[in-house]
Amino acid sequence: MIWKTAWKNVWRNKVRSLVVIVSVTIGIFGGVFAVAVMNGAIVQRVDAALNDEIAHIHINDPAFRDNYDIQLSIPNPEQVLSAIRETPGVNAVTARTQITGMANTATKSAGVQILGIDPDSEKEVFRLYETTLPETGNFFESESRHMLAYMGHELAKELNIIRFRIDQEVIDSLSGKAVPRELLDKLLPFEGKRFKSEKAFKKEIKGVLTLKEQHEYGGVIWEEAWSFRARSKMTLTFLDKDQVQTGAVFRIAGIYDIKNSMYEMSQVLVKNEDLMTLTGMAADEYHQMIIRLDDLESTVEVSASLAEKLPQLEVMHWKEIQPDLAMMTDMVQKFYAIFMVVILAALAFGIVNTMLMVVLERTKELGMLTAIGMNKKRVFHMIMLESVFLSLVGGVVGMIISQALIGVTAKNGINFASYAEGLEAMGYTAHIYPVISTSFFITVTVLIIITGILSSIYPALKALKLDPADALRTE
Amino acid sequence: MKVLEIKNVHKIYNSSEVKVHAVNDISLDFEKGEFAAIVGPSGSGKTTLLNMIGGLDKPTEGEILVDNTNLAGLKSSGLIDFRMRNIGFVFQSYNLIPVLTAKENVEFIMNLQKWSKKDRDERTFELLKAVGLEDRINSRPSKLSGGQQQRVAVARALASKPKFVLADEPTANLDSKSTETLLDIMEELNREEGITFIFSTHDARVVKKARRVITVEDGKVISDEHKK
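Protein sequence lines correspond, in order, to chains A and B. In terms of the numbering used here, the first sequence is numbered consecutively and its last residue is 475. In terms of the numbering used here, the second sequence is numbered consecutively and its last residue is 228.
For the record, the hints were derived by calculation from the structure and aren't laboratory data. Heads up, some of the hints might be wrong.
Claimed, not checked - Straight line, CA to CA, 30 Å or less: simulated DSSO-like cross-link-like pairs of lysine-lysine:
#, chain 1, residue 1, chain 2, residue 2
1, A, LYS462, B, LYS118
2, B, LYS163, B, LYS32
3, B, LYS117, A, LYS364
4, B, LYS163, B, LYS58
5, A, LYS14, B, LYS143
6, B, LYS163, A, LYS377
7, A, LYS319, A, LYS377
8, A, LYS319, A, LYS14
9, B, LYS19, A, LYS377
10, A, LYS4, B, LYS32
11, A, LYS319, A, LYS334
All chains, full assembly: derive it from the sequences and hints.
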């Protein structure tokens, strides 16, 4: 009966209750959706890091990571590979060589990490090959008499391997993507022009666009205007095993785009056999074994097991290799909870105020209830339930709306194109797919109930202090 | 059989400047089944006396015994529980819970006492029928007239079969016809259920119906008349 009475009391003053409910709804919706966007960005970042950049576990000589010395290869690599493959929880392993060097084209050069890989086993560990930009190559799958290199989008732009141009094909493509005619007209004077660099291209195009047009359509213009010249080449130079400078011309076997500028600028993949030939390393000489696990949750356990099996080598799991990622994944749930607590704390003041008004308005009725035998515990319980119902109705509506919007935006994502450069510089994609876990909804529900209870304490204590005889005399 | 004994009860209100002797040495006994009215002019102390009998206020001096239990000896929580089980209240302005129906208002105390649903339903229907509102059980107070609301309040007061019912000016807000109906109903319930009714009133119609009339003036009982 107390639950029923409390529920009916919530709707006694509909306008006032709706004001509170709407404010809670907006607060929860805003909080949950903001968390979903942040979480989506982080989940995508972690996913990209694990699938494209570092995988789950690295094994190398204990001193290798200090300065990537070419001499510090893994002894008895076949035995190490066997030991890794036999370890429960290991899904796939690939062996890499890694040296530092320079990438050069006719006009530009850049310092890079050159990774010697085995394309077949690399595909079992990484999904980097899936990010290959269309018509730039096919990740070492074509036969070629040239040595092949697979490079990042940013490096390709930096070395002018990717160029920018405006032509009829670009105009048609932009038109198909709903870019307004008047904007396309502004691009027509550039038709047929090829730009020296991305910087030069953006500078000229921005010169004719308004800020609003840049914000809304800049991203899609940059995406459509680049072109890749087939059979492009670059020279990679580095020191061989005897510390003698060497190098070779590599044809581009594809350009990957993982929306992480730093990684794209610095990592060039070539075939192990080519790198071994050029550096004078033995055919089975590797610097790193990189492992993909069946289950991410078993990372620490499998890592410990491998460290025990291979005591002479350094075994590091992804949380040790990129502690920033580990911190994000470990702390992020706590941060979200704190974020929601701050929102709910602000809403709690509104609920307290409303419940104080409720107690003040119902002084006589509360006096009557105490007079006829409703004890303090039950009065407290009733007021607390009213407060919880108020918060919970708003909270549930807020969560339903946010879930609906998350559902809609999770399909197509939200494009923060105007912040793309900044986001990609930090390794985050600008196209974010909001996502939230069920456990977060449970946490929020619990927090809302706690807010309702805490908000009711002061008004309920006020009600308990009422003297029934005095309360009954009030008008 | 005595259901209520009031022994040398005083109630003194001390404010900073004045000392008000609202009830001054009143002693009264009430037998089971009485239909009594406490009358007197405004400020005579009748509501204060009624509040003390109902355990809503404590006497400054003296004892109030309900079935030999001294109300002054009960702690706050015990007193609330005692009221719930032994005393029914009817207030001047009805004081029904506006969000509940007539039925829900009547069964509220039975719910607090954890009666079974079957017993609650039976008792509620029995009482609402007795007060002539069996066809309005699902009406909220706002849909009932003042007289009907007060009849629901009487049904609520009787719901848990209390030892006695205290009614503070129950007819003050009612017209003649509603007053007549209400008094007839209360008298009939008094006879049928054997529950003692004590009114505070200055309504002549109530005084006329009462079988005992206690007149209070300046906090003292000046007459206690038992009618035949």
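Practice task
For the pair we were handed, LYS319/A and LYS334/A, check the Cα-Cα distance against 30 Å.
Solution key: holds (18 Å)
Exercise for the section: For the pair we were handed, LYS163/B and LYS58/B, check the Cα-Cα distance against 30 Å. Expected result: holds (19 Å)
Exercise for the section: Would you mind confirming whether the straight-line C-alpha gap from LYS163/B to LYS32/B stays at or under 30 Å? Expected result: Satisfied, since the Cα-Cα distance of roughly 8 Å is no more than 30 Å.
Handout entry: Hinted pair LYS319/A and LYS377/A, Cα distance within 30 Å
Key = Cα-Cα ~50 Å, so violated.
Handout entry: Satisfaction of hint between LYS143/B and LYS14/A, Cα-Cα up to 30 Å
Key = holds (18 Å)
Exercise for the section: Assess, step by step, whether the Cα of LYS319/A is no farther than 30 Å from the Cα of LYS14/A, and give holds or violated. Expected result: violated (52 Å)
Exercise for the section: Quickly compare the C-alpha distance for LYS4/A and LYS32/B to 30 Å and report which way the hint goes. Expected result: With Cα atoms ~36 Å apart, LYS4/A and LYS32/B exceed 30 Å; violated.
Practice task
Take a quick look at whether LYS117/B and LYS364/A sit within 30 Å of each other, Cα to Cα.
Solution key: holds (29 Å)
Practice task
Quickly compare the C-alpha distance for LYS19/B and LYS377/A to 30 Å and report which way the hint goes.
Solution key: violated (35 Å)
Exercise for the section: For the pair supplied as a hint, LYS462/A and LYS118/B, confirm whether the alpha-carbon distance does not exceed 30 Å. Expected result: The hint is violated at about 36 Å.
Handout entry: Agreement of LYS163/B and LYS377/A with the hint, judged by alpha carbon distance not exceeding 30 Å
Key = Given that 30 Å is the threshold and the Cα spacing comes to 25 Å, the pair holds.
Checked against the numbered hints given earlier, the structure breaks hints 1, 7, 8, 9, 10 and satisfies all the rest.
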